[in-house]
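Given the structure of chain L, go ahead and fit chain G onto it with the hints provided.
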Amino acid sequence: MTQTDTAVRLEDITKRFPGVVANDSVDLHVERGSVHALLGENGAGKTTLMNVLYGLYQPNAGRVVVDDEAREFSSPRDAIDAGIGMIHQHFMLVDTMTVAENIALGNEPRKWGGLAVDREAARREVVELSERYGFDVDPDQTIADVSVGVQQRVEILKALYRGADVLILDEPTAVLTPQEVEDLFGVLDELTDQGKTVIFITHKLGEAMHAADDVTVLRDGKNVGTVDADETTREELAELMVGREVVLDVESTEPDVGETVLDVDALSVLDDRDVPAVTDVSFLVREGEVFGVAGVDGNGQAELVEAITGLREPESGTVEFDGREFTDAPRRERIDAGMAYIPEDRQERGLVMDFDLVENGILGSQHSPQFASEATIDWDGARAHAEDVVEEYDVRPPNADNDAVSLSGGNQQKFIVGREFERDPRLVVATHPTRGVDIGSQEFIHDRLLELRDEGRGVLLVSSKLDEVQGLSDRLAVMHDGDVMAVVDPDDVTEEELGLLMAGEYPEGYEPRSERDAAGVAQ
Amino acid sequence: MSAADRAHDLLGRLVHASAFERFLISTSALLLSVFIGALIILGAGRMTDCASAAYTIAVPGKFVTQFVGGSAVFSMGFCYDPFAVYDLLFLGALGDVLSNPLNGQFATTLAETTILMFTGVAVAVAFRADIFNIGVQGQLVVGALTTGVVLAFVAPALAGLGLLATVVLLPLGLLLGAVAGGAYAAIPGALKAYADANEVITTIMLNFVATSIALFLVSREKFFKDPASFANQTVPLPDVALFPKFLFRPRDDVSLLAFAFAVVVLVGIWYLLQHTPFGYDLRTSGLQPDAAEYGGVDADRTIVSSMTLSGALAGIGGAVYVLMVLGNFQTGVPDYGFDGITVSILAGNNPLGVGFAALLFGVLKSGSIVVQVGSDVPPTLVGVLRGLIILFVAMPEFFRMIGRKFGSFDRPSEPAVADATGGGSDE
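From first to last, the protein sequence lines stand for chains L and G. Note that my numbering has the first sequence beginning at 1, numbered continuously upward. Note that my numbering has the second sequence beginning at 1, numbered continuously upward.
Chain L with its partners taken away, still in its complex shape (with noise of 0.2 Å):
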């Protein structure tokens, strides 16, 4: 931090929308040339309050302050102007384009008077700016042959190019490897040394303290308070975003394994273009353990579970099930049969999003014998299924009229969460079952998740957060590729190890996975 002026600084914004106070006269001060992480649960408001910096929103009352100016923004467009940059979650790139390209798009140079985009004058900005800040960027590759990590890097040279000294980043650590998570951070302190200034948005706590110079906490739409990032703990900062204590660690006892409830031999599956998403994938999940599947998310986890799942033919192998056959059972008979399933794509497929909570409490057992009677729906007993869903997960606003659109993610999850695991299942297929949800209801869903398994049911648990996996898996294999690299036990495992795995390579001591995976089983 070589100068101490404030860059930004929000005074007192309230943003509101019908029914909800999403900011509730906010403050915040970010310091040039520094790294200012917003940390919340979901909902919190912290995307709003960046919208509004950002001139996606205007706000119903206050100030934005930037470089010692108010300002009024209409859009975003005189963000920009204004020098600010934002860099959304969901990437803003054209795939057939080039790095290059794709960053002087919309602002390329001109030639001949106007009528001609010089390109080669583009090219030497976007080297000259890369170089500038020590990212290791190809400007002639183009953008569908680079990885995730460089998008995002092409991302953030663009608002450079556009003229961003306040750079906001939007969840940017959720498509990255841990290594790529590093390279980021990396990024981030030589812009700040050159001076920019960069807003992250996160609820991970560990990201916030590790990246960050200042962490300013967001709950319900309020302030509840900026920290520095050195002089505070964990603890503290969960304790500030849930306004309570919370245990942060899980505590996973000793499986208690039995028979094998699922087994998948020699898996191999397509994706939705026919290109071989997963190949020969064999493993076991019995009663009583949670088998955990770690990796990059689109390394072929979600055809593998759509496959297990009944939503995808596989192209060969087998999936038993309680010891029946099952590769080709249609979905229903799967439901029957007690396998509960919290899908990746909640607002595709897990609810429906026009039924209220009553009528997506049922789906999937809408012709079972707990609601259908006699071909007639008991819809009195729905609503109280759909009622004791909502109150035992917590889900807000507690009225199972809601439509499931009118749900925030977090929410929406905890009622799937929710009507799979009262499903009374002979395995739960998760899939990211905490993704977006607060860490209140993460510490919720994740007890619940080992009392089934310690009811002595199996858990197929399938997520992209290191420590969820690592902390809840009794057996965790890590898929890269299509194809599981290693089945390892999550205790003795570090995160530098899970991190290469990851990314495709064996750190030293692990052999390739056939001989890992007989003894994982044999354990």
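Read the hints as simulated data drawn from the structure, not as lab findings. Each statement offered as a hint is correct.
From chain L, some residues computed to sit far from chain G (all C-beta separations above 12 Å):
no., residue
1, Glu125
2, Glu259
3, Gly288
4, Glu443
5, Asp489
6, Asp491
Some chain L residues judged to face chain G by a derived CB distance under 7 Å, without partners named:
no., residue
7, Ile335
8, Pro343
9, Glu348
Looking from chain L toward chain G, a few residues come up when the C-beta cut is under 8 Å (computed):
no., residue
10, Leu311
11, Pro330
12, Gly350
13, Val352
14, Met353
15, Leu363
16, Gln366
17, His367
18, Ala375
19, Ile377
The C-beta atom is built at its ideal place from N, Cα and C for all residues, glycine as well.
Same frame as chain L, now just chain G:
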């Protein structure tokens, strides 16, 4: 904000409109269409010669004369009186209800309404499963043909039994219509489910097939043509096979029994959709196919069964047309199936709403006959007025359906959703 953004916003608001908002939209659309229609009537009246084309024969200038000094208006050359025309269009359909509730006009209104209820709900059921069944017309023709032909063979044998024959023949006729219509609709259903054939194309083509087959069979004496008639029609069915026409005059082709049956069917379909697992599957597939698949719904089977149900309802409509209106099968069936599409859209694809939308259609249809008979306004102009009303009332619902299907509209009032897309999938 650009025009495109505004249009997008408007469409988004339409998609998320509440039931009450939709009612207000429909009502104001109706009033607006009447207002614009009134201007057209005045304009048309200006272009005719008042001397030769008297403004209205039945009620000459009643309202205008009364309220705004009509004589002055007419001396300026506006020959048609919009008040009188709309009076005839809406109230003419009811006839002289107060003194004689069972008059001929009201009978026509009720008969039209009854058949449109069946075709409307047929389209609605398919729409709810996200299937565009344009083949209701063809399914109605097939149902009507089957009922007319089979009953012509069966009925004479039972004709002597009186009421007992009616108790047997009437349900049989309806069942025949349902089975034939359902089977005919199952074809495009199966083609869509198992061969990925677009149902819009197949159902339109099958409409032509149905009409042509009906014409072929009913125009040849060696098949089903009535030898005693010059027209292309089947043998008239005995009265015991038809819907009993109590209360109304015998020459009015309407039956309160059929109307009551239609109401029961609408309520039954509503119950089926809302309260049975099958209805749940159907609605889920229509709203979100991926979620339906997740919930264990067999997508292919649902497509076939909802098409079959839709076709069966259309077929019953055809049977009712034969058993209530015609008394046999005749070629040249009116476009009940196509009107059913509009009725369904008007009703927001809600089976109960179909009843009211069908009534509006019935009123407009018999009302426009009254306008033609009772005034000098040309029939084409009456058609324009009818079309205007339907267009205005149906358009908002139509755009809602389109927007729902193709647009992605986050509720503008949900910050939680905004936050979820930004920070929701945070890993």
